[in-house]
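Protein chains: 2
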Amino acid sequence: MNVKRYLPILQWLPHYQRDTLTRDLLAAVIVTIMLIPQSLAYAMLAGLPAEVGLYASVLPLVAYAIFGTSRTLAVGPVAVVSLMTAAALGNIATPGSAEYVGAALVLALLSGLILTLMGLARLGFLANFLSHPVISGFITASGLIIAAGQLRHLLGVEASGHNLVELLIGLGREVGNIHLATFLIGLGTLVFLYSTRRWLKGALLNLGAPAMVADLLTKAAPIVAVAVTTLVTWGFQLDQQGVAVVGSIPAGLPPISLPGFEVGLWQELLMAALLISIVGFVESVSVGQTLAAKRRQRIDPNQELIGLGSANLAAAFSGGMPVTGGFSRSVVNFDAGAQTPAAGAFTAVGIGVAALLLTPLIAYLPVATLAATIIIAVLSLVDLPIIVRTWRYSHSDFAAMFATIAVTLGNGVESGILAGVGLSLALHLYRTSRPHSAVIGRVPGSEHFRNVERYSVETVPFLCILRVDESLYFANARYLEDTVMEVVTRQPDVKHVVLACQAVNVIDASALESLETINHRLQDAGVTLHLAEVKGPVMDRLQTTAFCKELTGFVFLSTYSAWVALTQPSNALYPEQAICPQATSLPLSFESNVPNSPGLTVKGVTAEPVHTRSL
Amino acid sequence: MNVKRYLPILQWLPHYQRDTLTRDLLAAVIVTIMLIPQSLAYAMLAGLPAEVGLYASVLPLVAYAIFGTSRTLAVGPVAVVSLMTAAALGNIATPGSAEYVGAALVLALLSGLILTLMGLARLGFLANFLSHPVISGFITASGLIIAAGQLRHLLGVEASGHNLVELLIGLGREVGNIHLATFLIGLGTLVFLYSTRRWLKGALLNLGAPAMVADLLTKAAPIVAVAVTTLVTWGFQLDQQGVAVVGSIPAGLPPISLPGFEVGLWQELLMAALLISIVGFVESVSVGQTLAAKRRQRIDPNQELIGLGSANLAAAFSGGMPVTGGFSRSVVNFDAGAQTPAAGAFTAVGIGVAALLLTPLIAYLPVATLAATIIIAVLSLVDLPIIVRTWRYSHSDFAAMFATIAVTLGNGVESGILAGVGLSLALHLYRTSRPHSAVIGRVPGSEHFRNVERYSVETVPFLCILRVDESLYFANARYLEDTVMEVVTRQPDVKHVVLACQAVNVIDASALESLETINHRLQDAGVTLHLAEVKGPVMDRLQTTAFCKELTGFVFLSTYSAWVALTQPSNALYPEQAICPQATSLPLSFESNVPNSPGLTVKGVTAEPVHTRSL
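Taken in sequence, the protein lines are chains A and W. For what it's worth, UniProt numbering labels the leading residue of the first sequence as 1, then goes sequentially. For what it's worth, UniProt numbering labels the leading residue of the second sequence as 1, then goes sequentially.
The shape of chain A in the complex, shown without the other chains (with noise of 0.2 Å):
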C-alpha cells in the first residue's frame, strides 16, 4: 500500500494496454513538437546554454512519470519558473558563463531537495501562503518583465536592468541602434504566431480540415516559425551580418552532472530555491487539479511534491535546470488525449533523439525567433482584467495584488512574492484580530439569548453576557481583553462577566494568558468572570490548567443555566465565595436545578430585568 503510495507508476503500468499507449504516443508527439522551441527559449531566458533547456526535458520527465501522481501534467522549463531562475543566478555569476551553468545545477538540486522533503513531511499546506490574488499578480508582473526583457532580441539590441522601469528606459535609448534583419526575423515571427495562434486553428476547421489535423498544425506553429527562420538564417548567411543565432549546440545526451557542495552557494541560493519551489508547485498543482477532475481523477498534492522533487533532482544530475509542471503543454497534453504519465516517458524519448539528431541544425535558430516564441506564450500569462475584479470584489485582496504586482515590476520578483505573502497575511491577521463580538440578552420568556443591539431582549445590570463569534488565538487575545474591559467600562454597576463560547473552536496559549489576565483584572475590579457553553474538546485543556483553578467564577453548561444561576441571588446553590468549577459536575448540578421550561420566565423569581433595548 505505502509503496504504491510512494510509487504512483505502479498503480497504471501493471494495467497498461495497447490502447493507452496508442494515445499517449500521440499525446507524445504533440507535446515534443512544442517543447523543442520552448525548451531553447526559456533556458534562453534562464540566462543558460540553448542545450539546457533540452537537458531539463529529458530526465526530469521520466522521474515524473514514475513519482507523480497526475496522469496529463507536462513536465519541463517554464517561464516563471526560468525567470526566477535567472533572477536568482544573476547575483552569482555572470550568465552563460560556467559558473552560472553550476549554480543552475545547485538551484535545481536546493529546489529538488526542498520539494522532496516537504512532500516526505506532508507540508504541502505551506502553499496556502500564497493567495490567488498573490499569484496571478506575480504572474502577471513576471509575464510583463519576461515579455520586456526579450524586446532586447526582438531588436537586436543590448539593453538591461533589474526591473520593468530601468528596461525600458534602455530599450528607449536604444532605439537608434535597431539591427533591421533581426527586427524583421523577430516580427515576422511574433505576427506569424500571434496570427496562426488566433485565426490558424478556425481556418483550417472552415476549410474542412479533421479537428485533430487543425489542431496539430496550430500546435506546430512554433516548431515551423524555428524551421523556416532557422534555413533563412542559414541560407542567406544572416548570422555574418548581424543576426544573433543560437550558435553550435553539442550534439548527444544529457550529461551525468555533479552540482557543486558548496556552503556559501547553497545559502545564497536557498531562499531563491524556496521560493522556486513553492511558486512551481502551486501552479503545477493547480493546473494538475484541474485536468484531473475533468476526468473525476485526484491527484495527491503531497505525492506532488515528491514527484516534482524528484524531476529536479533528475534535472540536477543531468546537466539541466529548475523544471515543473507547464500549464499551457499540460492542456495540450491533456487534449491531446494523454492517459498516463507514460505520455511524459515518450516526450523525454522525443526529446532525447531532438538533442541527438537536430543540435547541428538548431545552430542557425536567430535567438529573435526564441525571443518572439516567449514573448507569445508569456503575453497569455498577463490577466488584467482579473486586477480590476479583485478591486471590486475585496479591497484587501487587492492590496495584496498590487503590492505583488508594483514591488515585482519595480523590485524583482523574490521581494514581490514576499510583498505579497506579508501584506496578504498581515490583513489576514488584522481581520481575524478583531472578531464579531456581542453582548447578548435573553429572548424574554424563552432559553435563547441575543445580540441586544439587534433584538429586543432583557439584561440585568449587575450581569453582562458577551459572546464571542471566533476561535481566541494570539491575534485576537488581547482584542478580547479589551472588549472585556471596555463593555465593564460602560457597565459599571456589573458584577458578572459571562464569555459565552459557543463558537470558540480553540483556545491558544495566548489566549488563555489573556483569560487569565482579564480574570485577574476582572478581580481586581470586584467582578466575577464566568465561561458558558465551552466545547468539549477546549475544556478538556483548560482542566488542565491553573487559569481554571483560578477562575473567580463558573463554567456553565448553558448560556441560560448561567442567567438563571447568577439572577438568582438566593438560589442556594450559588455560593457567595468564589471556588474552583470541577467544570462538568458542578454546572450540571446547576443544571439539574434551574427549570428547564422553555416557556418559563424567571423575572418573578430574581432581580427585576432593568432595560429592555430593542433596536
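Source of the hints: derived by calculation from the structure; they are not laboratory data. Honestly, I wouldn't trust all of these hints.
Note: identical chains are not told apart, hence a pair may lie in one copy or across any two.
Unchecked claim - Straight-line alpha carbon distances no greater than 27 Å define the calculated DSS-like cross-link-like pairs of lysine-lysine that follow: (1) K294 - K495; (2) K549 - K535; (3) K201 - K294; (4) K495 - K549; (5) K549 - K294; (6) K294 - K4; (7) K535 - K495.
Add chain W to chain A, keeping to what the hints say.
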C-alpha cells in the same frame, strides 16, 4: 475632543490637586532612587557610556507624561530593549565609540518615528503578531543572554560571544584570570541585592517598621550598593588595582543632539528599530493595561504608540537611547501611589538633578556593581515553569516558544523573534487551513441537518450537503477544493452538491476562485453546485461576481429549502437547465413553495432516502 485624544495631558492636568501632587512626588522619589542605578546599568548593557542612560531618563519621561495614556507607566531604559540595542549596534560600530553613540540616536529616532506613525495609522494590532509564547520565550532567552553577558564584568575578565554557547565557552577559558577584587565587589553586591530583595522587607516588618518605610528601604538597596561600592573603591583606590570603574562622566543636563541622516545607516537599522518598537510596545502596553485595570482605568493602545514614540523621539534629540515602559519600575510607581503621569515628569526632574550634581561621584562606581544590578533584575524575567506549562497546554504553542528560545540563544535576538513569529504564523495557518467540515443529513421528520457521522440522519445518494465550519480564505481555499472533490469521489451517484455556509463570515478572493474552480470541476463531472444559508454581507459581495452567474445551481436561503427542492424532481419550480440564481428572489420563491411545517417529512413525495446512518 480630538485634541484631548492626542494630548492626554489635557485630561488630567486641569484637575490637578494638591493631594495628587503629594502622592505623585512620593512615587517619583522612590522611582528616581531605583532608576539612577538602572539607567546607568542599562546604558552599559547597550554598550553605551553610562551618562546616556541618565539622559534617556529625563526628556523621554516628560514626553510620555504629555502624550501617554497610562497614569502609572514608568518609561526609560529597560533591559530587553537595551540588549536589542546592543545587538543592533554591534554590527555597525565599536561599542562606546562616537559612531556607536550616534547610531544609538538614529535607532531611537527610527523607533520613535515607527511608533508614532503606527499610532497615527492605528496599527497597534501589528503587535498581535507576537503571541504570548513567543514573547515570554523571547524574554526568558534574553534574560539568560543578558545575565551570561554580565558575568564577565562580575569576574573582571575579557570574554565575548555572539550567542550563549560562545559566551559561556569564552568565560570558561578565562576562569584562571578572574580579578579577585572585582569578583568580591560583584559577588558581594549580588548577595546583598538578592538578600534584600528576598528578606529585607519581611524582616523590617517583623521588627515593627511601618510598611511604607520597609518598602522604601527595600527599593533603595541598589542605590545603597552603588554608594557603598563606590566609596570602597574610592577609599582603597581599587581602580588603580584593576577594578573596572565607570570613569568620569560629564556633569550636566542632557545635551541637545541631532541624529545623523545617513540613508545607508537608516536602512541597516530599520529592521532592528521595527523589532525594538514592537517588543517595547508589547511589554509596555501589557504592564500599562494590567495596572490601569486595577483602578478600573483604561489605556488607549494606539495613543500609547504615540506616547512611546514621542518618548523615543525625545531620547533621539537629547543624547539618549531607545526607551520603553519598564515592568518593574512601573509596578513600583503604581505601588508607591502615583496618580498621574506627573509622577513621571517629577522623576525626570530627579534624574536631571542627579545628572547635574551626582555624576562626579559616579566616576568610582565599579562596573561589577552595575553588572550585579543587571543580573538580579533580569533573572526575575526568566520564567522556566512557563515552558513546561505551555508544553502541557498546547504542543504547537510550545513549538513556537521553543523555536524562539533556541534561535535567540543560538543565533541572536533578531532572528530569534523572527523565527518565533514565523513559526507561530505558520502553525496558525496550518490549523485554519484544515477547517472542520461535515457531510450533513436530515434529522428525520424535521428541518434540522446534522453530521452523518454523529447522528442517525436521512441522506439521498444523488445529493451531498457539505457544511464548512470556518470562514473561507486563502489558507483553506485549496483544502475546500480537495474536500469537495473527495466527497464527490466517495459518493459516485451524486448529482447535486450543496455547500451549507452558515459558519462562513467571509469569502475572500482566493476562496472565490476556489469556488469557481469547484463549480467548473463539478460541471465537468456532471454535478451541480448549490449554496445554502449564505450570510447577507457575503451574498452582497458574491452577487457582483461572475461566479454567481456561472454557478450551475442555486443559492438557497436554508438547507431545508435546498433539500426539498433537490429531492423533488417533480417540483415545477426546479428547472433542468441551470440558470443564474437571482440569489435573493429565487430561493425566496422556493421557500414559499415548500411545505414548512417542521414535522412534515418529504419521504412520500420524493426519492426515498436510501441510507439512514448512525454512529
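Here's how the hints hold up against the structure:
no. : hint        : in the structure
1   : K294 - K495 : between (61 Å within a copy, 15 Å between copies)
2   : K549 - K535 : within (18 Å within a copy, 39 Å between copies)
3   : K201 - K294 : within (23 Å within a copy, 78 Å between copies)
4   : K495 - K549 : within (20 Å within a copy, 53 Å between copies)
5   : K549 - K294 : between (56 Å within a copy, 21 Å between copies)
6   : K294 - K4   : within (23 Å within a copy, 63 Å between copies)
7   : K535 - K495 : within (25 Å within a copy, 35 Å between copies)
Every hint from the earlier list agrees with this structure, and none is contradicted.
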